[in-house]
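> For reference, the chains in residue letters:
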Amino acid sequence: MTASDATLSTKLFKLNYGSEIEAEIERLLPLIDRQPELTASFKPRWLAIKLLEGEPDIIERVKTAPDGSALLTQAQQASARIEAVYGDSVDIAIADARYGFIHGLARQVVDTSQLSRYSLTDRIDRIVTNRLLGLPIFLVVMYVMFKLVVDVSAPYLDWVDGVITGPVTNWAASLLNLVAAPEWLHAMILDGVIAGVGGVLVFVPGLFVLYFFLTLLEDSGYMARVAFLMDKFMSFTGLHGKSFIPLILGFGCAVPAVYATRTLENERDRIATGLLVPLMSCSARLPVYVVFGLAFFPQHADLLITGLYLFGIVLAAGIGVIFSRTLLKDNPDSIFALELPPYRLPPLKGLLTHTWAKTKEFVQKAGTVILAVSIVLWFLMNLPWGVENPRQSLFGQVSAAAAPIFAPAGFDGWEATGSLMTGFIAKEVVVSTMSQIYVGEADGEEPASETTFGEDVGEIIVGFGTATIDAGKMLVSLIPGVNLVEVEEEEQDTALSAALTANLSPLAALAFLIFVLVYTPCVATLGAIKAEYGQKWMWVSATYQFALAWLLAVLVYQGGQFLGWG
Amino acid sequence: MLKEIMAEFRTARAPMCVDELSRTLEIDASALEGILDTLVQRGRLNVIDPANYTCVSCPAKGGCVILTNGLQKSYVFRG
Numbered sequence: 001m002t003a004s005d006a007t008l009s010t011k012l013f014k015l016n017y018g019s020e021i022e023a024e025i026e027r028l029l030p031l032i033d034r035q036p037e038l039t040a041s042f043k044p045r046w047l048a049i050k051l052l053e054g055e056p057d058i059i060e061r062v063k064t065a066p067d068g069s070a071l072l073t074q075a076q077q078a079s080a081r082i083e084a085v086y087g088d089s090v091d092i093a094i095a096d097a098r099y100g101f102i103h104g105l106a107r108q109v110v111d112t113s114q115l116s117r118y119s120l121t122d123r124i125d126r127i128v129t130n131r132l133l134g135l136p137i138f139l140v141v142m143y144v145m146f147k148l149v150v151d152v153s154a155p156y157l158d159w160v161d162g163v164i165t166g167p168v169t170n171w172a173a174s175l176l177n178l179v180a181a182p183e184w185l186h187a188m189i190l191d192g193v194i195a196g197v198g199g200v201l202v203f204v205p206g207l208f209v210l211y212f213f214l215t216l217l218e219d220s221g222y223m224a225r226v227a228f229l230m231d232k233f234m235s236f237t238g239l240h241g242k243s244f245i246p247l248i249l250g251f252g253c254a255v256p257a258v259y260a261t262r263t264l265e266n267e268r269d270r271i272a273t274g275l276l277v278p279l280m281s282c283s284a285r286l287p288v289y290v291v292f293g294l295a296f297f298p299q300h301a302d303l304l305i306t307g308l309y310l311f312g313i314v315l316a317a318g319i320g321v322i323f324s325r326t327l328l329k330d331n332p333d334s335i336f337a338l339e340l341p342p343y344r345l346p347p348l349k350g351l352l353t354h355t356w357a358k359t360k361e362f363v364q365k366a367g368t369v370i371l372a373v374s375i376v377l378w379f380l381m382n383l384p385w386g387v388e389n390p391r392q393s394l395f396g397q398v399s400a401a402a403a404p405i406f407a408p409a410g411f412d413g414w415e416a417t418g419s420l421m422t423g424f425i426a427k428e429v430v431v432s433t434m435s436q437i438y439v440g441e442a443d444g445e446e447p448a449s450e451t452t453f454g455e456d457v458g459e460i461i462v463g464f465g466t467a468t469i470d471a472g473k474m475l476v477s478l479i480p481g482v483n484l485v486e487v488e489e490e491e492q493d494t495a496l497s498a499a500l501t502a503n504l505s506p507l508a509a510l511a512f513l514i515f516v517l518v519y520t521p522c523v524a525t526l527g528a529i530k531a532e533y534g535q536k537w538m539w540v541s542a543t544y545q546f547a548l549a550w551l552l553a554v555l556v557y558q559g560g561q562f563l564g565w566g
Numbered sequence: 001m002l003k004e005i006m007a008e009f010r011t012a013r014a015p016m017c018v019d020e021l022s023r024t025l026e027i028d029a030s031a032l033e034g035i036l037d038t039l040v041q042r043g044r045l046n047v048i049d050p051a052n053y054t055c056v057s058c059p060a061k062g063g064c065v066i067l068t069n070g071l072q073k074s075y076v077f078r079g
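These protein sequence lines map, in sequence, to chains R and A. Sequence positions in the first sequence follow the numbering used here and run 1 to 566. Sequence positions in the second sequence follow the numbering used here and run 1 to 79.
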């Protein structure tokens, strides 16, 4: 075929829209031919099709032509006749005919016999998004991820803890001595800032590992599959299936997750999902889980953390059922099709860049919000000025006054209550406060040993090397049948975990963890809920989560005691 | 073609993957995207495309890469 032949064929080509539509086009053509103003600008057949489709711009143009209204009346009657035959609007019938022709033509001229119908992505998806296998695979992926987070980061966690409580504290003390800082500033920096901020920074290695694996799952394309997979699970709760996507985002931070509910169709779904987002364990809660997991359940910390994450999902589904039948009912189901990206092996550089971006956010938070809270908290723990026992301080007295509320849940100490109160600001602050209360006090009692700067640097480098070797051993030990880790190495206590085990029973610790998972979201999340859904829903979120958290914590503690676990 | 796609949406009892729809109807994935966009233009489907969302007001946008990687374009049947 030559180029001129192709041009000629194109000119002669006329798509057949089917006998009914073609008949109506033929009826309209004589009327259009009598309109020279229109035929000067448009080809008659094209104009007839556009009138049948009800194209608004063309209708406006025809209205201005002489006898245009008569032509429009005829076109509307023609459209009605076609719709009666097809049972659908004309524009759909016409578009259907066009795509039908294109599809038929493509099948005739494109040879797909050499192409595999199923790509590698399709073959993986057949297993990963399988109705029966999809959920167990997701649970295994979650477990492996938290196992890696806990086991691989544990040696680095001990290392950072050692660096902060050792060399960093020594350097700060030396510097304060050098500038002849007053005693109160000494105490504020060492017992307030270093204990508070340092208590949270200890978890940077764990969060780095968590963010690394979350980024790996996102960038590989698996996270989009999880959202798709869980859509099926969420549908039965009465929520829109797509609600799971913001819920998944809640694993990172509840604030963007609340904003992500904008991708849902109607307000009812947005509000219901926004109220459930805080039940997902955000990364700020991970330090609390890790501290308590390693302190109270060192052999099963990974299982405990995975369990808490899954409990959040199941709880959200259960509350979703209640919401969809009470507060936010009467919503029609809407089905949807989701595009899934192909699987890909993310480049290491990109993975590390994304992981660092998230970790940096956490470190910045530690350097701003948590630093500020630590300083304020230190003052509150030392007011009235000169108070010896923190229990007698302003903070201690307020915490102690509120503590009886938690007596049925087993953690009615002023320390735990005070930590939960400051946790309203940000969930990481729970650990930071505990660190200030327990470790800050302990630091005051046991002054750091005298070392030189060179010895400290050497200790840091050697410690990092040892942590890396231990993390490597942990990683290799994850292979079934391989164990390079000595049992005694797994049972090293930090100062905070030692203090916690001395003050709480394992059952009370579990109840405390359930409370932290469920209770009132942090102020940033409440702000996002207010911004998105209004003040009323912010109060609903704050109140129902506190009540639910208290109820569940009491159930866990009292139930455990009843079963003789206490 | 459009009728078959809408029939799939009407009869589906669970969310669908666009690739799966493409295989079921034996329509090339890129052609299907065009058809879905046509149905969006005709008001039969709503499209939710994260690319259209800006995170200007989100205080956590700096640390959030999930929004760009975790959310995918989806087509919702309007019934």
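For the record, the hints were derived by calculation from the structure and aren't laboratory data. This one's a predicted model, so the numbers in the text were calculated from it and none came from an experiment. Honestly, I wouldn't trust all of these hints.
Computed footprint of chain A on chain R, listed as stretches where at least three residues anywhere in the stretch have a Cβ under 8 angstroms from a Cβ of chain A [as the list claims (entries may be wrong)]: (1) 187-193; (2) 463-476.
Restraint ranges, calculated between C-beta atoms of paired labels, are given here [unchecked claim]: (3) 46/A to 55/R: 17 to 23 angstroms; (4) 47/A to 36/R: 25 to 31 angstroms; (5) 23/A to 41/R: 39 to 45 angstroms; (6) 7/A to 139/R: 52 to 58 angstroms; (7) 523/R to 7/A: 27 to 33 angstroms; (8) 30/A to 375/R: 55 to 61 angstroms; (9) 18/R to 29/A: 35 to 41 angstroms; (10) 469/R to 29/A: 33 to 39 angstroms; (11) 47/A to 564/R: 54 to 60 angstroms.
Below are the DSBU-like pairs computed for lysine-lysine, each with C-alpha atoms no more than 35 angstroms apart in a straight line [as the list claims (entries may be wrong)]: (12) 73/A to 50/R; (13) 360/R to 530/R; (14) 3/A to 536/R; (15) 349/R to 473/R; (16) 3/A to 349/R; (17) 147/R to 365/R; (18) 536/R to 147/R; (19) 50/R to 147/R; (20) 3/A to 73/A; (21) 3/A to 360/R; (22) 147/R to 349/R; (23) 530/R to 3/A; (24) 3/A to 43/R; (25) 3/A to 63/R; (26) 43/R to 63/R; (27) 365/R to 530/R; (28) 147/R to 14/R; (29) 3/A to 473/R; (30) 3/A to 147/R; (31) 73/A to 63/R; (32) 63/R to 50/R; (33) 349/R to 365/R; (34) 349/R to 536/R; (35) 530/R to 473/R; (36) 3/A to 365/R.
A virtual CB, placed ideally from N, CA and C, is assigned to each residue, including glycine.
> Would the hint linking residue 349/R and residue 473/R be met if the CA-CA limit is 35 angstroms?
Satisfied, since the Cα-Cα distance of roughly 24 angstroms is no more than 35 angstroms.
> Does residue 43/R lie within 35 angstroms of residue 3/A when you go C-alpha to C-alpha?
28 angstroms, holds
> Decide if the proposed pair is consistent with the structure: residue 360/R and residue 530/R, CA atoms, cutoff 35 angstroms inclusive.
Measuring from Cα to Cα gives roughly 27 angstroms; hence the hint holds.
> Taken at face value, is the distance from the CA of residue 536/R to the CA of residue 349/R at most 35 angstroms?
With a Cα-Cα distance of about 45 angstroms, the restraint between residue 349/R and residue 536/R is violated, given a limit of 35 angstroms.
> For the pair residue 23/A and residue 41/R, does the Cβ-Cβ distance stay inside 39 to 45 angstroms?
44 angstroms, holds
> Are the Cα positions of residue 530/R and residue 473/R separated by 35 angstroms at most?
Violated - the C-alpha atoms of residue 473/R and residue 530/R are around 47 angstroms apart, more than 35 angstroms.
> Would you say the C-beta atoms of residue 46/A and residue 55/R sit inside 17 to 23 angstroms of each other?
With Cβ atoms ~21 angstroms apart, the hint holds.
> Measure nothing beyond the straight line between the CA atoms of residue 3/A and residue 147/R; if it is 35 angstroms or shorter, mark the hint as holding.
49 angstroms, violated
> Holds or violated: 25 to 31 angstroms for the Cβ distance of residue 47/A and residue 36/R?
Violated, since residue 47/A and residue 36/R (Cβ atoms, about 41 angstroms apart) do not stay within the stated range.
> What's the verdict on residue 50/R and residue 147/R, does the C-alpha distance respect the 35 angstroms limit or exceed it?
62 angstroms, violated
> Under the criterion that the straight-line Cα-Cα distance not exceed 35 angstroms, is the pair residue 147/R, residue 349/R satisfied?
24 angstroms, holds
> Tell me if the straight-line CA distance from residue 3/A to residue 73/A falls inside 35 angstroms.
At roughly 22 angstroms apart (the allowed maximum being 35 angstroms), residue 73/A and residue 3/A satisfy the hint.
The structure does not agree with the numbered hints 1, 2, 4, 6, 7, 9, 10, 14, 16, 18, 19, 21, 23, 28, 29, 30, 31, 34, 35 and 36 stated previously, though it agrees with the rest.
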